[in-house]
Each structure stands twice: as C-alpha cells, then as structure tokens.
Amino acid sequence: MTSPAVPAAPTPTTAAELRERLAEPLPLDEVNLADLDNFTDPAKPWRMFHTLRHEDPVHWTPEEAPNSGFWAVTRHSDIATVDRDPETFTSTKFVNLEEVDDDQIKKRASILELDGVRHRALRRLLQRQFGASVINSYADFLRGLTATTLDAALSKGTFDFVKEVSADFPINVLARLLDVPPEDNQQLIDWGNRIIGNTDPDYADVLLHSEESEKYRDLPFRSPASLEVFAYGRELARQRRGAGGTDLVSRLVNEAPRDGVPLSAQDFDNYFLLLVVAGNETTRHTITHSMLALLQHPEQLARLQQDPSLIPTAVEEFLRWASPVYHFRRTATRDVELGGKEIREGDKVVMWFASGNRDEEVFGNPYDFDVTRRDNDHVTFGKGGPHLCLGNLLARTEIRIMFEELIPRLAAIRLAGDIPRVRSNFVNGIKKLPVEVTLA
Numbered sequence: 001m002t003s004p005a006v007p008a009a010p011t012p013t014t015a016a017e018l019r020e021r022l023a024e025p026l027p028l029d030e031v032n033l034a035d036l037d038n039f040t041d042p043a044k045p046w047r048m049f050h051t052l053r054h055e056d057p058v059h060w061t062p063e064e065a066p067n068s069g070f071w072a073v074t075r076h077s078d079i080a081t082v083d084r085d086p087e088t089f090t091s092t093k094f095v096n097l098e099e100v101d102d103d104q105i106k107k108r109a110s111i112l113e114l115d116g117v118r119h120r121a122l123r124r125l126l127q128r129q130f131g132a133s134v135i136n137s138y139a140d141f142l143r144g145l146t147a148t149t150l151d152a153a154l155s156k157g158t159f160d161f162v163k164e165v166s167a168d169f170p171i172n173v174l175a176r177l178l179d180v181p182p183e184d185n186q187q188l189i190d191w192g193n194r195i196i197g198n199t200d201p202d203y204a205d206v207l208l209h210s211e212e213s214e215k216y217r218d219l220p221f222r223s224p225a226s227l228e229v230f231a232y233g234r235e236l237a238r239q240r241r242g243a244g245g246t247d248l249v250s251r252l253v254n255e256a257p258r259d260g261v262p263l264s265a266q267d268f269d270n271y272f273l274l275l276v277v278a279g280n281e282t283t284r285h286t287i288t289h290s291m292l293a294l295l296q297h298p299e300q301l302a303r304l305q306q307d308p309s310l311i312p313t314a315v316e317e318f319l320r321w322a323s324p325v326y327h328f329r330r331t332a333t334r335d336v337e338l339g340g341k342e343i344r345e346g347d348k349v350v351m352w353f354a355s356g357n358r359d360e361e362v363f364g365n366p367y368d369f370d371v372t373r374r375d376n377d378h379v380t381f382g383k384g385g386p387h388l389c390l391g392n393l394l395a396r397t398e399i400r401i402m403f404e405e406l407i408p409r410l411a412a413i414r415l416a417g418d419i420p421r422v423r424s425n426f427v428n429g430i431k432k433l434p435v436e437v438t439l440a
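Residue numbers (my numbering): 1 to 440.
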C-alpha cells in the first residue's frame with residue numbers, strides 16, 4: 001500500500017511546542033474539514049475547530065461529488081442540541097459523511113443508524129453486559145490482563161506503545177467479551193484498521209473515495225474486510241445458537257429484542273461488525289493519546305506518580321484530550337434554525353465532538369492538559385442523547401486500570417521516533433507511538 005499523499009507533520013514533543021503550533025492563526029477561508037490531509041497534522045484540526053467556534057460555529061462545508069456538503073457544528077452547546085433531538089436530527093440517514101441511498105441503508109444500517117423503538121430494542125439486547133454490575137465484576141480480570149500486557153511490553157525497553165499496549169489490551173478485553181481465542185486478536189485488530197481506516201492508504205484495502213469502492217458500496221465503510229468479519233461472526237453465531245452462553249454473541253443470537261421484531265441475519269452481521277470495530281478502536285486511540293499527552297506534559301505525569309488517587313479524575317481529562325472520534329453526523333428531518341443558520345430538511349448536520357471538547361465556554365484553558373480538571377463535561381461519548389456510547393463505562397474502566405498499573409512502573413519514558421497519524425476526519429488515530437522506558 002502507498003503512503004498518504006501528504007506526509008504527516010512532526011508531532012510536538014513538549015507542551016510549549018504544542019502551544020506554539022496551536023497559537024498560529026488560521027483564516028476561515030483556509031478551514032476545510034472535508035480535506036483529509038488536514039488531519040495528518042497534529043495541530044491543524046484543533047486550529048480549524050478554534051477558528052470555526054469563534055468565527056462561524058455552524059459552518060457550511062462543501063464536499064466533492066457525489067457528496068453534497070455538510071453543516072459543521074463546533075460549539076459544545078450546539079452539539080448538545082443536535083445530539084439530544086433525534087426527531088429533528090436523525091441517525092437513520094447514516095452517521096458518517098458518506099451519503100447513501102435507501103437501498104444501501106437497508107443493507108448497511110447498524111444500531112448506530114437507528115432511532116426510536118428499534119434502536120432502544122437492539123441497544124437493550126446488550127445494555128446489561130455493559131452496565132456497572134457486570135463491568136465491575138471484570139475488574140480482577142482487567143487488572144490481570146493489564147499486568148500481562150505491560151510485563152511483555154515494558155521488558156523490551158524500546159517498543160511501539162500502540163502495538164504492544166494500546167491495541168493489545170482492549171482487543172484482549174473484546175476477545176473475552178466475544179469468547180473468542182486470544183490467537184484471533186491480531187486478526188480482529190487488522191479488521192478494525194482496514195474498516196475504520198478506509199481513507200488511509202496504509203490501512204484500506206480499497207480507499208473510500210476511489211472508483212473501486214463502488215464494488216463494495218453495500219458493505220459497511222465500503223470495506224471488503226467487512227465480508228471477512230461477517231463470515232467470522234456467522235460461524236460464531238452458528239456455534240452459539242441455542243447453547244446458552246453468556247457472551248455477547250450468544251446474547252445476540254439467543255435473546256429476542258423487546259420490540260418483538262427478531263434479529264435478522266443482516267442485523268446480526270452489522271451488530272457484530274460494530275462490536276469488533278468499536279470494541280477496539282476508540283479505547284486504543286484514547287490510551288495512545290493519553291500516553292502521548294503525559295510525554296508532552298511530564299509535570300502531569302509526575303502529579304499522577306505522586307498521587308495515584310488522581311487517576312480516576314485524570315481519565316476524564318484523557319477522554320476530553322484524546323477525542324478519539326472527531327465527529328458523528330445527523331440529518332435534518334425538517335427546516336430548523338441552529339446557531340443562527342437556517343438548516344434545510346435533508347441537510348447533513350455534523351457534530352464535531354473534538355471541537356466541543358475544546359470549547360472555551362465550557363472548559364477553562366481548554367488547551368491545557370490538566371489531570372486535576374474538575375467538572376469535565378466532555379462530549380467524547382456524546383452529550384446525553386439516545387446514542388450515548390453503550391460501552392462508555394467499559395472504556396473508562398479499561399483506561400483507568402491501564403494507567404493505575406502503568407504509571408507506578410515508570411521511572412522515565414521518552415519518545416523514540418516519529419508519530420504517524422491516521423488519515424481520517426472520522427477517527428482521531430495514531431498509528432505508532434515509539435517509546436523508550438526506564439522502569440521504576
């Protein structure tokens with residue numbers, strides 16, 4: 001596979017360098033959230049969001065055909081308005097920027113692309129498995145798994161933090177939830193990379209905007225890797241159907257949705273694929289961004305080393321700072337005013353969660369990484385709407401335990417190479433984080 005057309009900008013290694021980059025003014029006419037190459041730069045997305053929040057917080061962004069453009073919603077309060085009103089801003093026309101027709105919707109819709117009764121029914125199939133009582137029961141398992149991951153990684157001295165820690169840990173958790181063997185972990189990671197990284201030449205089998213992607217228009221993310229995930233999930237479903245297991249697959253194939261509409265084979269395919277992708281990608285990127293932030297802000301790492309009781313509070317700052325998903329889209333169901341702009345029925349309305357997480361109206365000194373920050377009303381998991389991330393408690397628990405186990409082991413840690421980023425305006429991802437550690 002080829003490299004991205006535009007090479008990644010160097011990642012600032014200190015807080016001072018990061019601030020200097022972020023402080024560079026960016027004229028409104030240079031802001032383009034549809035240009036994926038802007039997102040290989042570690043600072044430019046935040047500069048674009050800053051300009052939009054201050055100059056045009058509900059901003060019309062043109063796109064290349066066949067897409068028609070979208071409204072970029074960048075302020076925290078407007079994001080909350082959109083997220084909490086599914087009747088006006090629906091998910092049923094899809095939640096990514098790609099525009100799909102009715103036939104594609106019928107074939108590709110997952111729980112993310114449903115609203116109302118059906119969404120609630122499918123959500124409830126697994127809701128208990130992501131509730132506090134079940135997640136808390138995993139604490140010992142998660143801590144043991146974290147120790148195993150860190151023992152293997154830290155013993156190397158110099159290693160890629162993404163491969164050895166950030167990706168390894170959450171995929172092992174997912175394997176446990178799905179009840180699949182650990183030897184399948186790398187395959188699960190590869191599937192997630194190929195599907196979510198569908199705009200990055202280093203990951204995608206077929207790039208989203210290429211002519212070849214038309215062959216796969218009816219597959220999630222237009223990715224042929226989806227077919228492999230479907231086949232894997234179907235075999236698990238065949239084995240688990242009627243067997244009385246408690247894993248996520250068993251619950252999907254053996255429990256009936258409360259709305260009385262059975263889960264179709266297509267429903268299962270799309271639900272299973274979402275679990276494979278969402279169960280790894282966001283937690284992985286949050287852990288990576290958090291470690292990078294601690295490297296860039298060593299005084300914050302020192303505070304956590306001196307007072308580990310701050311880590312649960314720090315987790316919320318990790319989530320705000322990382323913003324692992326840049327955006328989710330809705331579609332207006334009627335003409336409506338938002339942020340002083342007239343939105344028309346059928347317009348794409350895109351909530352830029354990452355921008356909301358730097359909104360000065362909500363966060364004091366939003367460009368400060370502060371592990372003691374209180375009242376951290378971030379929108380990383382959404383803003384209280386019906387699509388609030390189902391796995392948010394699991395993600396929080398994984399991140400907390402990871403850093404509770406990791407931080408006491410570190411005497412020192414430093415960057416040991418370049419930090420390439422995923423070419424995407426959907427996932428805020430880091431491909432590699434080379435580090436060198438000295439153990440405590």
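Calculated directly from the structure, the hints in this document are not laboratory data. Remember, it's a predicted structure, so these values are computed and weren't measured experimentally. Mixed in with the good hints there might be a few duds.
Below, computed lysine-lysine pairings styled on BS3-like, alpha-carbon distance capped at 30 Å [to be verified]: (1) K341 to K215; (2) K163 to K341; (3) K431 to K156; (4) K93 to K341; (5) K93 to K106; (6) K93 to K107; (7) K163 to K432; (8) K156 to K341; (9) K215 to K106; (10) K215 to K93; (11) K431 to K215.
Here are the in silico distance ranges between beta carbons for each label pair [to be verified]: (12) D37 to E436: 43 to 51 Å; (13) Q104 to D35: 38 to 46 Å; (14) G244 to S137: 13 to 21 Å; (15) R234 to K106: 18 to 26 Å; (16) R234 to W60: 22 to 30 Å; (17) N67 to G244: 44 to 52 Å; (18) G244 to P201: 24 to 32 Å; (19) A243 to E64: 19 to 27 Å; (20) S77 to A302: 48 to 56 Å.
Ideal placement from N, C-alpha and C gives every residue a C-beta, glycine not left out.
Here is how each hint holds up against the structure:
no.	hint	result
1	K341 to K215	37 Å, violated
2	K163 to K341	44 Å, violated
3	K431 to K156	19 Å, holds
4	K93 to K341	21 Å, holds
5	K93 to K106	10 Å, holds
6	K93 to K107	12 Å, holds
7	K163 to K432	7 Å, holds
8	K156 to K341	54 Å, violated
9	K215 to K106	17 Å, holds
10	K215 to K93	21 Å, holds
11	K431 to K215	27 Å, holds
12	D37 to E436: 43 to 51 Å	30 Å, violated
13	Q104 to D35: 38 to 46 Å	25 Å, violated
14	G244 to S137: 13 to 21 Å	19 Å, holds
15	R234 to K106: 18 to 26 Å	19 Å, holds
16	R234 to W60: 22 to 30 Å	42 Å, violated
17	N67 to G244: 44 to 52 Å	46 Å, holds
18	G244 to P201: 24 to 32 Å	45 Å, violated
19	A243 to E64: 19 to 27 Å	49 Å, violated
20	S77 to A302: 48 to 56 Å	35 Å, violated
Checked against the numbered hints above, the structure breaks hints 1, 2, 8, 12, 13, 16, 18, 19 and 20 and satisfies the rest.
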